[in-house]
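Participant: Following the hints, position chain B against chain A.
2 protein chains.
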Amino acid sequence: MKRAGVAILGLGVVGGGTYQILTEKREYFKKTQGVDLTVECVLEKNVERARELGVEEDKIANSIEEVVSNPNVDIVVEVIGGTGVAKTFVTKALMSGKTVVTSNKELFAKHWPELEAQAKKMHAGLFFEASCVGGVPIIRTLQEGMQANKILSIKGIINGTTNYILTKMANEGSSYEEALKEAQRLGYAEFNPTADVEGFDATYKLSILSSLAFNKKICIENVYREGITGVDKEDIAYGKEMGYTLKLLGIGKDTEKGVEVRVHPTFVKNDNPLASVNDSFNAVHLVGDAVGEIMLYGRGAGALPTGSAIVSDVIFAAKHDQYFYANFKNNQQGNKETKFVKDFVSKYYIRLSVMDKAGVLSKIAGVFSKNNVSISEVKQVSYEDGKAQIIIITHECGESLVKKTLDKLQSLDEVYGVKGTIRMED
Amino acid sequence: MKRAGVAILGLGVVGGGTYQILTEKREYFKKTQGVDLTVECVLEKNVERARELGVEEDKIANSIEEVVSNPNVDIVVEVIGGTGVAKTFVTKALMSGKTVVTSNKELFAKHWPELEAQAKKMHAGLFFEASCVGGVPIIRTLQEGMQANKILSIKGIINGTTNYILTKMANEGSSYEEALKEAQRLGYAEFNPTADVEGFDATYKLSILSSLAFNKKICIENVYREGITGVDKEDIAYGKEMGYTLKLLGIGKDTEKGVEVRVHPTFVKNDNPLASVNDSFNAVHLVGDAVGEIMLYGRGAGALPTGSAIVSDVIFAAKHDQYFYANFKNNQQGNKETKFVKDFVSKYYIRLSVMDKAGVLSKIAGVFSKNNVSISEVKQVSYEDGKAQIIIITHECGESLVKKTLDKLQSLDEVYGVKGTIRMED
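Chains A and B, in that order, give the protein sequences.
Here the first sequence is numbered in the numbering used here, starting from 696 and rising by one per residue.
Here the second sequence is numbered in the numbering used here, starting from 696 and rising by one per residue.
Hint data in this document are derived by calculation from the structure and do not stem from the laboratory.
Keep in mind that this is a model prediction, so the values were computed, not measured.
Be a bit skeptical, because a hint or two may be false.
When chains are identical, the list treats them as one kind, so a pair holds in a single copy or across two.
[Stated by the list, open to error] Calculated pairs, BS3-like style, for lysine-lysine (alpha carbon to alpha carbon, straight line, at most 27 Å):
no., residue 1, residue 2
1, LYS1034, LYS725
2, LYS725, LYS1014
3, LYS1058, LYS1034
4, LYS726, LYS816
5, LYS964, LYS935
6, LYS697, LYS815
7, LYS816, LYS1014
8, LYS726, LYS845
9, LYS726, LYS1034
10, LYS1031, LYS725
Same shape as in the complex, but just chain A (with noise of 0.2 Å):
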């Protein structure tokens, strides 16, 4: 039987349910996996709570080197997260020639092309399953399940925080600040959402998920990023009368215009898979040139789903001896001859508060078609002290007309402002 000593290096939320598995599921992985996994040492700063998660005392480590320098581990997972000290932990393993296991998201979308040369230097693996979209496989399934595919599209709900709140705010009208408050109550959201609600997560994560589709390396820099903080309910109740539902999608294309990659709230059709992925739920939908379209969907976050993506890599780097390599030919600032798309080409639902008289929509029409947008279609909303609310859905087009339009209306006297701009996918 194939046997590989583990290392957890953090024992926070995720360290803490990868402990739970790897413990509680030892003789279960012998029997259906014919390996034997031992956890042989855990770092934690915090030493009281590797106590209370029942580690045995002369497990628990005093530094990175006793770890990386104790013959018994080969596998080192690292759930500490940040660039800081996670950064030098992973190095110092790789060094060692350690498999590095790692849920680290920001690191990864850093620093993934020098890390991986370290690992490709001394032989070791490295593990990202639980980086992406915690308990579902999309990285495996990225690496070795549509291998045999060009990736023209991948469009994802990749962070369940934003998820509740958006999900919140459909059902029960709640604004973005009541939503928030209830998901920090119940653990979704951190004391400062910030990395989750100004979309830098989302990042993150598409950073990652579309090198892989792609097959080339896309940094954050690359990716335009547009949080929810923003996000008006009124909006999010005019998209659902008219049959959409708002979400903050991930989206990468790969045209022959080039690389597309942002992530932005976002109107879909209610009958688009996406639109009924509710809660803290996460979902990603990719079309590949062979395959058509595929979805994954499950849970993003969570000490067991992503402990479950943690031991899931374990077990595959105690099994395989050859392990996936992106081999970037670029470095961490990208390849050069990569073509970013800037202007999106996009459907978009946007909310003027006009005065109401006659010929105020023929004039803003106007405006609109002069600057070559072509309207799908116009929804007077609601009508109070002379003003009104117009809805203008716009069929596809650049983003840099939309803004021009958008400019040009906001000079009109009869337009009190543009309420709401929201890109919409079908």
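Facilitator: Chain B alone, transformed into the frame defined by chain A:
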């Protein structure tokens, strides 16, 4: 760069798609996967078909012996189907030490352990991603994406033909016969549709998937099977009104009482992600003890989706020297120690045609109560000529109790007949 020579046995729809992907994308795979895959030969009775696909004359083999003795062939793709020559050919390929990639669910469901034993003996790979759910990487997910989990249940829409028919019946109110005819016209159903509509195809796939999920060989004889030929469009319509969608599900559960495997028409609640899987799409919903719910969705059939799964297996085989073996300790007849549940516990939808007079409902309810079948919902749906239709939805209960209840009901003068009995899943 790693190289692998491929032979394709059978150039039907899937064989043609596989040939197309391998030849058109040779350069793409060299660049993105670091493997050079060449089609070294094909074996196809209909030589004209091979020529139409552009296979060079000297690559059209005359016999399986010619294929397996060809030193340039490393990987043999079998896409003939059935258990006749396909079994002979696969066996010869494995005995010659060639790795086999197959889409043949019937062969695998019926002869997996003996084929695996041959493969292991010769250190050859045996890959079958394409045997279940076409291009959706469900096999790889079970083998290498969810190993950390004890899988508690698997529920899948794993036959595209029947899903197309049921979707059409639901959306257009067609009868089974009308929907089947349309499916045949579009090429979704065969001229002889038995394998699909009677649930044999789904049974093969459920046998394979549940074996992997539960780590024990589940034979097709263990799978309860019921097709869709008896489905009445009235039940679909009544279910719809009550918030349910009818699907042919493959269901596997691994419970303390034993393993439960069954294929039958099933009402699922509209908020179940499986309910919105329409037309010829497939989906598999899994529950793992660590990861919770996961669902994979995509095309279950077709030249390129199935070709995508085959070529992904070919690439995996070309890149790795270590293969997955299920290592069933049991033989083809399964493991005698595996306990199977026969008396399924389920909710039931029951439609009765009854006499339209006072006291009937009370009498019927009495029969349910006497047989310990608890009722959750009752709806009286139509009245005509002194007849009423009653729909009863039960709480969870054992199948044998329901059967006793129905037998008793049918003996009542007030009951003209049991018009529909359909199991339900939340």
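Participant: For each hint, tell me whether it holds in the structure or not.
Facilitator: Hint check results:
no. : hint              : result
1   : LYS1034 - LYS725  : between (48 Å within a copy, 22 Å between copies)
2   : LYS725 - LYS1014  : both (12 Å within a copy, 26 Å between copies)
3   : LYS1058 - LYS1034 : neither (38 Å within a copy, 74 Å between copies)
4   : LYS726 - LYS816   : between (33 Å within a copy, 21 Å between copies)
5   : LYS964 - LYS935   : both (9 Å within a copy, 22 Å between copies)
6   : LYS697 - LYS815   : both (22 Å within a copy, 17 Å between copies)
7   : LYS816 - LYS1014  : both (20 Å within a copy, 19 Å between copies)
8   : LYS726 - LYS845   : between (38 Å within a copy, 12 Å between copies)
9   : LYS726 - LYS1034  : between (49 Å within a copy, 18 Å between copies)
10  : LYS1031 - LYS725  : between (47 Å within a copy, 21 Å between copies)
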